[in-house]
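All chains should be modelled from the sequences, with the hints used to inform the complete structure.
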Amino acid sequence: MKFRYYSAMTQVVLVGLVCFLCPGMFNAVNGMGGGGQLDPTAGNNANTALYSTFVVFGILGGAIVNLCGVRWTIFCSGFMYALYSASYIYLNHKPWDGSFTIAAGALLGIGAGILWAAQGMIMVSYPREEEKGKYIAVFWIIFNLGGMLGGILPFAINYHSEKDSLSDGVYIAFVVLECLGAFLGLALAPPSKVTRTDGSSVVMVKYTNVGKEVLEILKLFLNPTMLALLPMCFTSNFFYTYQFNNINAALFNIRTRGFNNIFYWGFQMLGAYAISFLLDWQRLQRKTRGFIGFAIVFVVFNAIWGGTLALHNKYPEGIEAGSRLDFKDTKRAAGPIILYLLCGIGDALYQSMAYWIIGALTNDNQKLSRYAGFYKGMQSFGAAIAWQLDIKVVTLNQIIANWVLFGASVPPMLYVIWRIKNHSEDQSIEAESADAYVEKEENLKA
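Residue numbers (my numbering): 1 to 446.
Just so you know, not all the hints are guaranteed correct.
[Said to hold, decoys possible] With a cut-off of at most 16 Å between alpha-carbon atoms, the simulated EDC-like pairs for lysine to aspartate or glutamate come out as follows:
| # | residue 1 | residue 2 |
| --- | --- | --- |
| 1 | Lys421 | Glu129 |
| 2 | Lys392 | Glu317 |
| 3 | Lys287 | Glu129 |
| 4 | Lys94 | Asp168 |
| 5 | Lys287 | Glu130 |
| 6 | Lys421 | Glu130 |
What the hints contain is simulated information worked out from the structure, not anything from laboratory work. Predicted, not measured: the structure shown is a model, and the values here were computed from it.
Quick look at the structure:
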């Protein structure tokens, strides 16, 4: 296939590479548990600060992207990831002072909210309807290659280390890669110049302004479809805290934590790739594909939490530093490692399904940037709570909370899938919502 810079696929690959280098490296640090530190307290508090600001700027992110464009918003946001990784170098030398790391987390929440709104808009509005599953998978594979590379770095550098925290060299490598990712954001094309595989242009609506964007954001909270998706959004990153801190960090030594992350993010790629075939399978109606995809997610997640509960019963207090599991001790480590890898598959299936549902609501790229921002903002609201729960709530109750939240997200997700149309064209599937009301008012005035 001839390379075309302005093609939708090229742009999705480019934003995937940005996320490979920025959020991908962040995931690698977070996936080590406690940001790669022996004491996870500073990392937990930094993540709470991060996701607290992410809530606000995730929701505002779509409006900011619509007003400022994708290139400069992603460029500026990328440097926040580098600052966050750099803050752990400071923490390595002053482990009693987590203030810099917490402040860097708050700044990263601002940048990440805007970056992910731009990413979501590109990933779900650029492809044609019948290709959205494939484009989501392409992005997810490239993005999670970053997590894999981020697992290889600490695994290789700390292979012979007896410490239970990452060295400065690992964090410096992350900072360099994240700066490269920020600059790569400038390579993205303006949406107005992007074309799809059938030669059509990406949907562009009229010029927007600050007042319109504020109104459109407020209307999201009156939109029945988005309100129905709130439990899905809230739950979608809630489980990271338990998986990273209470499985990977609590049970494994430092090199095995890196080893686990190589495969955690690697299995995410497999999960996203596999479900993309179903979500784009044209022999089935779109609603049917949605129901089957959701059934797969439902089975996998319940299996994961059942296995997690069994693992907790075996190690209710974790394992003390110095005697934690090593990947070479296959008799003890194989079961927990396999469970952790399945967690990666489950995450990919859930995220792919969530983005596919959002992408099925409309083809309007400005609406989708707001929807993506709403998704990431509410996702971050859940994550902010989860990181604090890890400090204050016993692990068994965290398992119960995760399982209950997933169960609560099931009925409204099924409701939205049931209302998905086979072709959304450029219209949303919203019911008698604030959008419909405003349109009626305009028609009456005309």
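Results of checking the hints against the structure:
Simply put, Lys421 and Glu129 have alpha-carbon atoms about 11 Å apart, close enough for the 16 Å limit, and the pair holds. For the hint linking Lys392 to Glu317, the alpha-carbon distance of about 14 Å falls within 16 Å, and the restraint holds. With a CA separation close to 13 Å, the supplied pair Lys287 and Glu129 stays within the 16 Å bound. Of the pairs offered as hints, the one joining Lys94 and Asp168 holds, with about 12 Å between alpha carbons and a cut-off of 16 Å not exceeded.
The hinted pair formed by Lys287 and Glu130 meets the criterion: a straight-line CA distance of about 13 Å does not exceed 16 Å. The straight-line distance between the Cα atoms of Lys421 and Glu130 is roughly 13 Å, inside the 16 Å bound, and the hint therefore holds.
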